[in-house]
Amino acid sequence: MASLDRVKVLVLGDSGVGKSSLVHLLCQNQVLGNPSWTVGCSVDVRVHDYKEGTPEEKTYYIELWDVGGSVGSASSVKSTRAVFYNSVNGIIFVHDLTNKKSSQNLRRWSLEALNRDLVPTGVLVTNGDYDQEQFADNQIPLLVIGTKLDQIHETKRHEVLTRTAFLAEDFNPEEINLDCTNPRYLAAGSSNAVKLSRFFDKIPGFPDRKRFGAGTLKSLHYD
Amino acid sequence: MSFLIDSSIMITSQILFFGFGWLFFMRQLFKDYEIRQYVVQVIFSVTFAFSCTMFELIIFEILGVLNSSSRYFHWKMNLCVILLILVFMVPFYIGYFIVSNIRLLHKQRLLFSCLLWLTFMYFFWKLGDPFPILSPKHGILSIEQLISRVGVIGVTLMALLSGFGAVNCPYTYMSYFLRNVTDTDILALERRLLQTMDMIISKKKRMAMARRTMFQKGEVHNKPSGFWGMIKSVTTSASGSENLTLIQQEVDALEELSRQLFLETADLYATKERIEYSKTFKGKYFNFLGYFFSIYCVWKIFMATINIVFDRVGKTDPVTRGIEITVNYLGIQFDVKFWSQHISFILVGIIIVTSIRGLLITLTKFFYAISSSKSSNVIVLLLAQIMSHFWINSFDLQGMYFVSSVLLIRMSMPLEYRTIITEVLGELQFNFYHRWFDVIFLVSALSSILFLYLAHKQAPEKQMAP
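Protein chains in written order, with the numbering used here: chain L, 30 to 252; chain R, 134 to 599.
Just chain L, same shape as in the assembly (with noise of 0.2 Å):
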């Protein structure tokens, strides 16, 4: 049993997006009956077993934080979003597949997630633009997960799969698509789940759990 520090993950993305089904999935392995608009930050936790298999398993509760909202919200609410962002361990990008704007709208979810450790005041100082060397730096590990899969016609999943590939020069994240009402996408053995479990694994990983700039290890895969 885990007696660790807390290991802390933020579920970002934008609003409707499926982030609320994702995390009961991810957590309680059963579909979400009811999802209804998030409203402030929903946690769950899942218990994970780092390292499964080998003789260094441990187990580790991974908190997921399920922050609500859009990026265009009000200045008010990103103020009090940005409570959340403190002293994270990894971040999971949630984008629905049928809708182009929430895949685009992930830069600005990690300018704002990840921006929040860069300026003590805890004030907002960018202008919002896009600026890669800020990223250089990052080791929170990050996950992106495409969701509502199973809406997309069998013709145009390639050209839909390919909308998250900006990302990749920036962050270098793991990618999962998949749908939040069948369970078998993330069947133990598939290779989402596999994915996920190296994800979650990437996390306690790092020497000094803190936030980013504190470690000097630059480790992103896990080997």
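Calculated from the structure, these hints are not laboratory results.
Listed below are several chain R residues computed to face chain L (Cβ distance under 8 Å; list not exhaustive): (1) Leu-326; (2) Met-330; (3) Leu-396; (4) Thr-398; (5) Tyr-402.
All residues carry an ideal CB built from backbone N, CA and C; glycine is no exception.
Given the coordinates of chain L, assemble chain R onto it according to the supplied hints.
Then chain R, alone, in the frame of chain L:
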């Protein structure tokens, strides 16, 4: 020949308005969403275009531009098209989109949307019965029938919104109502919020671990369902699942608390921003305006009450009355006709511009507040519907919303300009609309005063609680 020229002018302006509506739709309303159904955008822009054309026709009427018969023709045509869109197309599409969102009825979308539309038409028709708005001379499908019903709906909506706006506007702008918010308040609330989240997390950890051990031991941890399940749960003590349900209830309560704390914190941040804004020049200017506005709103409420109590309907418009007063009491001689034309033009122009701006801003705010990618289509169509109701109905000096009333604007215009409106619309009972507007306006204003008073009182009490 002149008819052709006039028509081409009208059509050019319509295309311009259409383009403007299209741009507004793309840039503002649907900034964050993908437009999948272009039909919606087209309908919205068309409605916007025709509505603006109606305003344009009023202005032309006052200025005396264009041939009078071509004006008449265009006026009638515009009205027909808008009514067509409003009563036939938009409700049908709203029904269609609502039905396509429901998974069960997906297969027979068309059928169900037709059914929905027929229900809407039935209620729409029934709407006209209790109101004394028709003269029995005209047939079933005449313009008067449709306009009178649309008129009732629109005037009600408009009066409701005006009443609320009349009270809300000074409340928002005047800094007298701003509560004092310090940084320590915000920090304290944030700390409470994070503490609540921590409590939720620790409880959920217990639940997750309990579920895992139960799963490993092979117990079924579903909630007991059905009759036999209930009997069973009485005798056998499934202590694991009992614990879980208890903890789940505690977690639900804590989550509700966390939501409230979040909303309160957001509210405090918003108030703090307003306080900072009020210290700037712009803020002070709006604060000043707010005082004027509040006086104006009080006067309007007062006038509405008087109109109802003394059963009085305004006979002359404010412009002519004002000019009469100046001529009679101040002894200044000037050409009444000349000035009344220009002044009413300016007045109506101001009303139109502020209404356009006000409506677009309100549309945007409203849309952001309630939209999500699923329902955005329906909402835009609803907005188009509301907007066109407003167009065919009146707006008053308050000028916050677009509602061009052929019905009430008639009251603001001097006699000689009323002819075209009266001609086209026949014998609608205008006085009824005036009275109805006053009643609804009064009701709405009073209830929003009550509502805002309660909300204002509640908020500082919440903060005092430890």
